[in-house]
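Novice: Since the structure of chain A is already known, use the hints to place chain B on it.
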Amino acid sequence: MTNTMQDKTKTAGEPSAPRLSFDPATLMKLKSLELRARAIVEGMSLGLHRSPFHGYSVEFSDYRPYSVGDDLRYLDWRLLARMDRRYIKRFEDETNLRCYLALDLSRSMLYAGPRQIAKIDYARILLATLAFFLARQRDAVGLVTFDEQIRDLIPPRFRPGHLRRLLVALERNPAGTGTNIRAPLERLALTFRKRGMVVLVSDFLLSPEDLRRPLATLRALGHEVALIRVLDRTEKTLELEEPAIFVDLESRRDLYVDPVAGQRDYRKRFAQHAAGLQILCQELGIDWHEVFTDEPLERSLHRFISRRRWIRSIADNTHDLSMASEFAEAAGP
Amino acid sequence: MSFLAIAFGLGSLAVGLPIIFHLIRRSPQRRIDFSSLRFLQPSPPRLTRRNRIEDWLLLLLRGTAIVLVTLAFMRPLIRDAALVTEDDLAGRRVVILIDTSASMRQPEAWANAQAAFREQLAGLRPRDDFAVVAFDSTTRVIIPFDEPTGRSPPMEKRDLAKAALDELAPTWFETDVGNAFSQAVELLESQRSAGPEQVDGYIVLISDLQSGASFEALAGIEWPAAVRVDVRCVVKKQRINAVPKIMVEPGGIGARPRIRIARSDGAGAETFSLVWQEQASEQAAERFAIDVPAGSMRTIEKELPASGQCFQLALSGDEVDFDNIVYLARPTIGKQIVLFVGDEGLDDPAALGYFLKRAISSAHFQVMQVSNVANWEAGFGLEPIPLPLHSQPTSAVGEEGATFSNGPVVSRPALVVVAKPLPDEQRRVLADYAASGGIVLVCVNRPDVAASLASLTGAVPESNNQDADTKTTDVGFHSKYRLLIDVDMTHPWLAPFASPQFSNFTKIRFWRTCPVRGNEHDLRVIARFDDERPAMWENPIGTGRVIGLASSWHPDDSQLGLSSKFVPLMKRLVELNPERRPVVNDLVVGESWPIPTKFAGKKIVITRPDGTLEECSAEVTEYRKTELPGIYRVQAGDDSERFAVNPAASESKLEPVPLDQLKSWGVPMEAGSSIAQEIRTQQFLNDQAVESRQRIWKWLIVAALIVLTIESWLAAWQQRRRRLESTSGAHS
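Quick mapping for you: the protein sequence lines, in order, are chains A and B.
If you're matching positions, the first sequence starts at 1 in our numbering and goes up one per residue.
If you're matching positions, the second sequence starts at 1 in our numbering and goes up one per residue.
Mixed in with the good hints, there may be bad ones.
[What the hints assert, rightly or not] Restraint ranges, calculated between C-beta atoms of paired labels, are given here:
#	chain 1	residue 1	chain 2	residue 2	range
1	B	Ile-675	A	Ile-245	53 to 63 angstroms
2	B	Thr-709	A	Gln-116	44 to 54 angstroms
3	B	Trp-56	A	Ala-275	52 to 62 angstroms
4	B	Leu-57	A	Gln-116	38 to 48 angstroms
5	B	Gln-238	A	Ile-245	55 to 65 angstroms
6	B	Leu-659	A	Ile-245	53 to 63 angstroms
7	A	Gln-116	B	Trp-56	42 to 52 angstroms
[As the list claims (entries may be wrong)] Derived list of chain A stretches under chain B, where covered just means 3 residues or more per stretch with a C-beta under 8 angstroms from a C-beta of chain B:
#	region
8	108-122
9	250-264
10	268-276
No wet-lab data here; the hints were simulated from the structure.
Using N, Cα and C, we set each Cβ at its ideal position, and we do this for glycine too.
Chain A with its partners taken away, still in its complex shape:
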């Protein structure tokens, strides 16, 4: 705890850029997801000396007087022996931040592109790293994996072995033939009543209007929501050379497409869709990130964390300003 507190007090200002970066293709050679996540977190910590989530996870340790009915297991016997006073020990590992990680396991996430890095692998490492990072900060992390229905639902906890459980769930292979974000998010909203942060990782190849209602529900419940869109570069640009029969990974429908001929039209449609998603996020106050599988993972993660911190600082500043103005108005001329 002491070290953590020292970190919190010692670091300040913008985090510096990571000094060591892993190429995703090299990273994929590591077999264990835990190893990958650990490698990235270690790399990030070289340039990041304080938690970007500092202030949210206030670790608290305190005593309160014993009252009849309290569990005697939590009575501080040493204090009782020394001072003859009955105090109840409050646990240190209570945390304020609950983070729900949600991963799309639909078959469209299997798309690998010419670089042979599947979106799902990239997303797994991204989430594993995030989980690892949060766990190091003693925050509670939960996980939801879904395709057209929820596959795994692990509530946020902070306890030994929980991280490993999350990593095992993340290893599950995609099997679904469709994506239905609405159902898992609604379930999430029903399950997790306590406010927290929801990080949703998917390719979001669905209509923005389908996302509106579940995201709005989450926001209404007070959750902070961040959407991370994982894409292969070719999905955005359609930079493929030869004409081919394109087969939909989810519906197995096929279509003959000449990429050269249809590239412009494709990019236009894709950009329109992405813009629609961004507008939706702006309207709902949701953090929106777009990462590509050819980017180093720690850079993507760093960008995500930095952006969150920036948003947070704006919010804090806004809050401070409003508080100051309220105080000035109250003090009067």
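Specialist: Here is chain B on its own, set in the frame of chain A:
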């Protein structure tokens, strides 16, 4: 030039397909798994067209090689003989079996059979020899095979067969397919052994294949290897058939006979109407209806018309008529008598006569008990015992409640059983009866009976009985039982028991025996006890027999009465009487009618159902021409009799037997083929022989290999040349 396997010629078309595809278009075959087709628009296919073939010579060589291989697979041949004609087909011996049984009277069956017969005649090869055999319960050769010495002109013989067919018609006899096939095989085998050449035998069965036709007998036929059978079923549609049957009870026909209606399986009418009709009056009684579900039977009792002796029961409502009428005739002759001479009654379970009555009483025999046979000529002082008309027969004379009609007296018993000592006068009566052909069975179960009837049985009781096993005062009672040994199965009485499954008499134990002895030169000992004393013996007197039994069937004396052999032994004893000729008045078509004793020595005239008259001489004991169903009336002077003849019940089982079933019974089935098919087959066989001799395909394969070698060399040379050209071009 001809080809054996022309279908392979289609393979040569494959030469053109690659060229066509090459010239027309090439569409992309690459497939990419993409995350979503949401933003993609289908592109028009970008096809490439190649209008020019770069190397004609190579293409030509490759095509030639394929064509040569295809031609080799087609197995070409050069015919060195003329095409096969009808006259070239090998001759066969064909037996056409045509079913003429009663079941062929069902609708359309005979017409279809005639058509099938004509079709079969038309399908015969010019060199075929054929015979036509009609069959029902017997077989009749209508058209025989040609003599081995010479052949009749084929067309003339066929015309003869067609004319014979026109004269054929279904009979009323039942079907015996097994016999028909046996005869056909025999006919073929006799021709095969007599003829100079070995030709195939072929049997064509034209029948309705009705299931009642004793097909099981086919399993026992040994089929020669060269015989094939083709079966033509002439019934195309299963029809609803209901068959009435009058159940004749052992006690005779009462006023309300039982009628059983059996209906075939299948959807259709289930209500049938029946009517009794008295033949003489031709006045029908009231109709009555009966519901019989598909595939089931129902039995009802229905009163006969009040008067008359001959009736017919007609059924209507089904689709098959030939078996809808059954005939019934009441006999005019009463039952024959079995006389039991003893003091005990016939209904006392402790008496001997009790067992005798139950063993022998039937529709034709009646057991009577008397104590005195002295007044033989006067009919033992008994009242006449004709067949009761409307009541069950009774065994006791003058029994109250029995109603009898007037009729002739039956005075001479078929069998006399004696179980008591008799005075001289009565012994003489029995001796005379036996001498005139009668059968007398004497139960010598007591010494007094043995002594009294010694003159009749020819055996006297042993006076000095020193049997060590004797434990009581009763003579011959043994605490240790006796068994039968040395049973003479050649005696007519025991001859039916000669089969090994019936010949075991050792299970019958005798506790009370009467030791007798006699002159064994005069007597014929049929069986002995295990102490070597006679147990059964015969004393022949005149034309008759006196049979002695040194015990009895009473349970106190032995197990004989309770043995399964007792009833057949007693029945057989009655049958030994040459005068016994029971009146049979219910026959199936084809069965012989035994002429009753009362007509013995008389010339009789029989009026058949179709009105024709037939005379039988006095010597005839059986009337065999029961070919038609109906009532047959017999007249001999003032005496008359009648009997009914009905179609066999098996002929009403019309469900066709599946052809697979015939195969399972070992019938070598082979469907017949037309002459055109035969010619094609023969031509193919000839071509095959020629082709295997010429083997042109080998040369074609060699040519293809040569072409492929040239093609390979040419392709390699061209490739080398192009490479050299490109290298030199690069250097320059």
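Novice: All hints, please: hold or fail.
Specialist: A quick look at each hint next to the structure:
Checked against the given bound of 53 to 63 angstroms, the beta carbons of B:Ile-675 and A:Ile-245, roughly 58 angstroms apart, stay inside it. In this structure the hint that B:Thr-709 and A:Gln-116 lie 44 to 54 angstroms apart at CB holds, the actual value being about 46 angstroms. The hinted window of 52 to 62 angstroms between B:Trp-56 and A:Ala-275 holds, with their beta carbons roughly 59 angstroms apart. For the hinted restraint 38 to 48 angstroms between B:Leu-57 and A:Gln-116, the CB-CB distance of approximately 45 angstroms keeps it satisfied.
One distance hint, 55 to 65 angstroms for the beta-carbon pair B:Gln-238 and A:Ile-245, holds here, with the actual separation near 59 angstroms. Separation of B:Leu-659 from A:Ile-245 is about 55 angstroms and conforms to the stated range, judged on CB atoms against 53 to 63 angstroms. Between A:Gln-116 and B:Trp-56 the Cβ separation comes to about 45 angstroms, which falls inside the hinted range of 42 to 52 angstroms. Only when three residues or more bring their CB closer than 8 angstroms to a CB of chain B does the claim for the region 108-122 of chain A stand; here the count is 5, and the claim holds.
Coverage of the region 250-264 of chain A by chain B holds in this model, with 10 residues showing a Cβ closer than 8 angstroms to a Cβ of that chain against a need of three. Only residues whose C-beta sits within less than 8 angstroms of a C-beta in chain B count toward coverage, and the region 268-276 of chain A has 3 of them, enough to reach three; the restraint holds.
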